[in-house]
Amino acid sequence: MGILGGIGSLAVAGQQQTFRLGGEIAARIGQEPAAIADRENPPLELTAGVEYEITWENLDGQPHDFRSWTRTGTNSPRRRRCPSGAPRAR
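The opening position of the sequence shown corresponds to residue 1 in our numbering, with each subsequent residue numbered one higher.
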């Protein structure tokens with residue numbers, strides 16, 4: 001699942017942008033902001049120099065990986081493992 005894509009610039013330089021996502025085996029579901037709400041596997045366009053907070057809620061209690069790719073398809077070195085168990089925000 002890549003997180004870069006074409007939903008337009010969602011952040012203004014110097015501000016923090018927050019994304020909320022819900023994770024299920026079938027798809028990642030956008031929750032906030034409104035531009036990604038209720039969308040399956042919404043692309044997140046990130047801008048260099050802007051700080052982002054991504055909150056992931058495990059909706060099905062299964063383990064999930066959260067990875068990111070650059071626009072050219074290069075895998076980011078950052079990878080987060082979302083544990084199984086009771087759904088919770090991460």
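Hints should not be assumed to be uniformly reliable.
To be verified - Label-pair distances were calculated between CB atoms; the ranges are:
hint: 1; residue 1: Arg71; residue 2: Ala35; range: 11 to 21 Å
hint: 2; residue 1: Gly61; residue 2: Asn41; range: 25 to 35 Å
hint: 3; residue 1: Arg71; residue 2: Glu51; range: 14 to 24 Å
hint: 4; residue 1: Thr74; residue 2: Gly49; range: 25 to 35 Å
hint: 5; residue 1: Pro63; residue 2: Gln15; range: 26 to 36 Å
hint: 6; residue 1: Arg71; residue 2: Arg39; range: 26 to 36 Å
Read the hints as simulated data drawn from the structure, not as lab findings.
Where a beta carbon is used, it is the ideal one built from N, C-alpha and C, also for glycine.
Legend entry - Violated hints - listed by number, lowest first: 2, 4 and 6
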